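Residue-level listing of the chains:
Protein chains: 2
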Amino acid sequence: MLTIRSQSHDYTVEEYPLLGKALTSVTGGKGVFFLIDRAVFRHHVTAFSDNVPEETCILIEASEEQKSFERLPSIFLELLARGLKRDGTLVVIGGGVLQDIGCFIATVLFRGVRWELIPTTLLAQADSCIGSKSSINIGSYKNQIGTFYPPHRVLLVADVLKSLPWDQIRSGLGEVIKLQLIEGGAGFNELMNDLELVTPESGWEVISKWVKRSMAVKKPYIEQDEMDRGIRNILNYGHTFGHAYESATKYAIPHGIAVLLGILTATYLSVRLGLVPFSHYQDLKQRLFPWCCPYGDLLVKADRPNIFDAIRHDKKNTGDAVNCILTKGAGRMEKVKVDFPGDLMPAVEQFIAQEMVKGA
Amino acid sequence: MLTIRSQSHDYTVEEYPLLGKALTSVTGGKGVFFLIDRAVFRHHVTAFSDNVPEETCILIEASEEQKSFERLPSIFLELLARGLKRDGTLVVIGGGVLQDIGCFIATVLFRGVRWELIPTTLLAQADSCIGSKSSINIGSYKNQIGTFYPPHRVLLVADVLKSLPWDQIRSGLGEVIKLQLIEGGAGFNELMNDLELVTPESGWEVISKWVKRSMAVKKPYIEQDEMDRGIRNILNYGHTFGHAYESATKYAIPHGIAVLLGILTATYLSVRLGLVPFSHYQDLKQRLFPWCCPYGDLLVKADRPNIFDAIRHDKKNTGDAVNCILTKGAGRMEKVKVDFPGDLMPAVEQFIAQEMVKGA
Chain A
26 MLTIRSQSHD
36 YTVEEYPLLG
46 KALTSVTGGK
56 GVFFLIDRAV
66 FRHHVTAFSD
76 NVPEETCILI
86 EASEEQKSFE
96 RLPSIFLELL
106 ARGLKRDGTL
116 VVIGGGVLQD
126 IGCFIATVLF
136 RGVRWELIPT
146 TLLAQADSCI
156 GSKSSINIGS
166 YKNQIGTFYP
176 PHRVLLVADV
186 LKSLPWDQIR
196 SGLGEVIKLQ
206 LIEGGAGFNE
216 LMNDLELVTP
226 ESGWEVISKW
236 VKRSMAVKKP
246 YIEQDEMDRG
256 IRNILNYGHT
266 FGHAYESATK
276 YAIPHGIAVL
286 LGILTATYLS
296 VRLGLVPFSH
306 YQDLKQRLFP
316 WCCPYGDLLV
326 KADRPNIFDA
336 IRHDKKNTGD
346 AVNCILTKGA
356 GRMEKVKVDF
366 PGDLMPAVEQ
376 FIAQEMVKGA
Chain B
26 MLTIRSQSHD
36 YTVEEYPLLG
46 KALTSVTGGK
56 GVFFLIDRAV
66 FRHHVTAFSD
76 NVPEETCILI
86 EASEEQKSFE
96 RLPSIFLELL
106 ARGLKRDGTL
116 VVIGGGVLQD
126 IGCFIATVLF
136 RGVRWELIPT
146 TLLAQADSCI
156 GSKSSINIGS
166 YKNQIGTFYP
176 PHRVLLVADV
186 LKSLPWDQIR
196 SGLGEVIKLQ
206 LIEGGAGFNE
216 LMNDLELVTP
226 ESGWEVISKW
236 VKRSMAVKKP
246 YIEQDEMDRG
256 IRNILNYGHT
266 FGHAYESATK
276 YAIPHGIAVL
286 LGILTATYLS
296 VRLGLVPFSH
306 YQDLKQRLFP
316 WCCPYGDLLV
326 KADRPNIFDA
336 IRHDKKNTGD
346 AVNCILTKGA
356 GRMEKVKVDF
366 PGDLMPAVEQ
376 FIAQEMVKGA
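Just so you know, the protein sequences line up as chains A and B, in that order. Just so you know, we're using my numbering here: the first sequence kicks off at 26 and counts up by one. Just so you know, we're using my numbering here: the second sequence kicks off at 26 and counts up by one.
Any given hint might turn out to be false.
No copy is singled out in the list; a pair is fine if it fits within one copy or between any two copies.
As the list claims (entries may be wrong) - The calculated lysine-lysine pairs, modelled on DSS-like cross-linking and capped at a C-alpha distance of 30 Å, are: (1) LYS187 / LYS237; (2) LYS326 / LYS234; (3) LYS110 / LYS275; (4) LYS310 / LYS110.
Because the hints were derived from the structure by calculation, they are not lab data. Quantities reported herein were computed from a predicted structural model and do not represent experimental measurements.
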């Protein structure tokens with residue numbers, strides 16, 4: 026069991042072998058209601074029907090459209106109509122979209138209600154389930170609304186990962202890899218060697234091990250800088266470019282894989298700015314690129330103006346400068362203001378044109 | 026200048042003689058946008074047009090309907106479209122409704138943006154402008170959604186109170202009186218004597234003095250218990266009944282006057298429960314009742330079931346018990362669980378039937 030310190034309240038991460046065990050361990054007392062990813066519910070319908078009263082379950086479509094401010098009222102009203110009270114508990118079960126919706130609702134309903142989280146994707150288990158953040162879309166604006174409010178407990182169920190498609194596993198591994206690069210120790214090599222054992226059918230113990238190792242890397246950053254105003258920014262390594270690649274390909278690239286492509290871009294830019302030798306980039310590309318295939322092809326086909334617009338409008342950019350997390354080597358990431366037309370644009374152009382073509 | 030400590034950030038309360046001076050003192054740097062009560066804007070149109078670029082002003086109807094979650098998207102989208110950025114500032118100008126809307130938006134936009142508040146009603150100046158809370162309606166549920174996020178600065182302009190209707194002044198004085206009763210010192214008598222100088226046309230210096238005295242009483246409660254989980258509950262003295270009286274009369278009774286009627290009810294109930302002698306209630310009624318007229322009449326006409334439903338569904342009640350702030354005398358308020366059918370209902374029935382009829 027891991028304990029995370031937070032400005033709102035400390036919280037624990039606990040492991041359960043099976044979903045049913047986790048469901049019966051929810052510590053809500055009276056008035057527990059569940060927000061559940063519809064696909065997760067379908068896949069584990071027996072675990073739910075055996076352990077949870079049907080009338081306490083609200084099923085949510087886990088789509089980007091659902092994660093919008095305009096769609097929240099129906100969920101709030103459903104919870105209030107079914108009888109959630111200020112001393113009740115909201116249990117959120119799903120991946121990133123469910124976490125965003127559930128966290129936002131738990132933050133503002135009764136000015137904060139107890140909530141517990143059962144993350145069901147590798148991305149959510151290894152990365153997003155700790156750190157307090159929610160992000161909500163409004164109109165055509167992505168992730169501009171949000172809150173900081175961690176769950177009161179995180180319940181990790183390794184078993185639920187077994188039903189995920191391979192690309193979702195790879196996507197989660199993208200953030201796992203990022204965290205070991207940020208850590209900068211021997212973990213990265215150990216991880217990349219371990220990952221050779223992971224296939225769509227096997228390697229669950231390996232994944233479970235790296236979920237916990239990922240949290241151990243992330244914990245000090247979110248505890249020191251929960252509101253993401255300083256040192257925690259480092260965790261955005263690869264994200265300025267990754268977000269832009271996702272958006273410019275209409276989310277055809279899974280998030281964690283876009284982050285890996287973003288890490289390669291940031292490292293490539295770091296080389297061009299003289300921060301790190303080219304050999305560091307080459308080594309990294311050799312290790313990471315196999316985990317990105319075939320999504321590099323989509324980058325080559327993506328409209329460059331869409332990519333550049335997305336980078337400029339990233340919510341981390343204030344005014345005209347573009348803030349990037351660049352690298353001076355493993356474990357040495359830094360926030361750097363990069364000149365957009367002079368340095369960033371040509372580096373991204375060249376990265377995609379020369380590094381993402383097949384066989385490069 | 027007063028400084029208030031808060032978990033989010035400390036903030037100051039500063040006095041300005043005129044609205045124009047306050048407007049030009051906004052410390053936003055680049056990207057300042059104003060959310061303004063439409064009626065306040067109309068009344069002070071010269072101060073605004075002389076000091077604030079028109080394209081930065083968004084006018085809001087200060088109604089209970091506007092304070093609903095479903096109506097927020099258009100305001101968020103207007104702010105984003107006009108160019109508010111995460112390093113910008115939102116300036117909120119108005120009474121309680123504007124403060125609720127502005128505070129909620131500032132809490133969740135970019136996960137928290139700088140905001141400054143110019144409260145323009147006596148209720149807002151003397152009470153709500155400090156303490157961090159926002160309350161938002163959703164569907165038919167009142168104030169069930171909200172946040173804790175204080176402004177970064179409060180700018181007090183005594184001059185704007187001069188344009189308020191007399192009932193709004195009286196309403197604000199309700200909370201001023203409540204705070205002196207909670208304080209329990211000589212302030213209550215001093216206040217009630219001072220108030221004899223206040224008429225619809227005069228007494229601004231007196232009011233200005235008691236705005237500051239009110240903040241001084243409230244400050245330690247909100248600093249010690251910003252999230253309203255303990256000692257701050259005391260500030261709800263009169264509110265369980267006051268809210269019910271407002272709701273059962275469709276908000277025909279101004280908030281602060283309903284609070285005064287609620288204080289009399291809570292004290293009457295305290296007498297029936299043997300907490301305080303009847304003479305204490307009698308003294309209080311003699312001092313407070315003139316400030317409630319003629320709204321006691323509306324209570325007599327109000328449907329009792331509406332009043333009782335509202336008390337039971339007050340968001341401070343968890344489960345079946347009804348929590349009330351009762352009194353053992355001036356300065357001695359306590360949270361008490363009251364038996365609803367056995368004690369509370371007959372006390373309220375009798376209070377309205379015997380104490381609110383004319384000449385009682």
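Quick rundown of the hints versus the structure:
1. Proximity of LYS187 and LYS237 under a CA criterion of 30 Å is satisfied intra-copy only: 17 Å inside one chain copy versus 62 Å between copies.
2. In this assembly of identical chains, LYS326 and LYS234 lie within 30 Å of each other by CA distance neither inside one copy nor across copies; the values are 36 Å within and 68 Å between.
3. In this assembly of identical chains, the alpha carbons of LYS110 and LYS275 lie at most 30 Å apart only when taken from different copies (24 Å versus 39 Å within one copy).
4. Taking the shortest alpha-carbon separations for LYS310 and LYS110, neither the intra-copy value of 52 Å nor the inter-copy value of 35 Å comes in at or below 30 Å.
Violated hints, listed in ascending order, are 2 and 4; each of the other numbered hints is respected by the structure.
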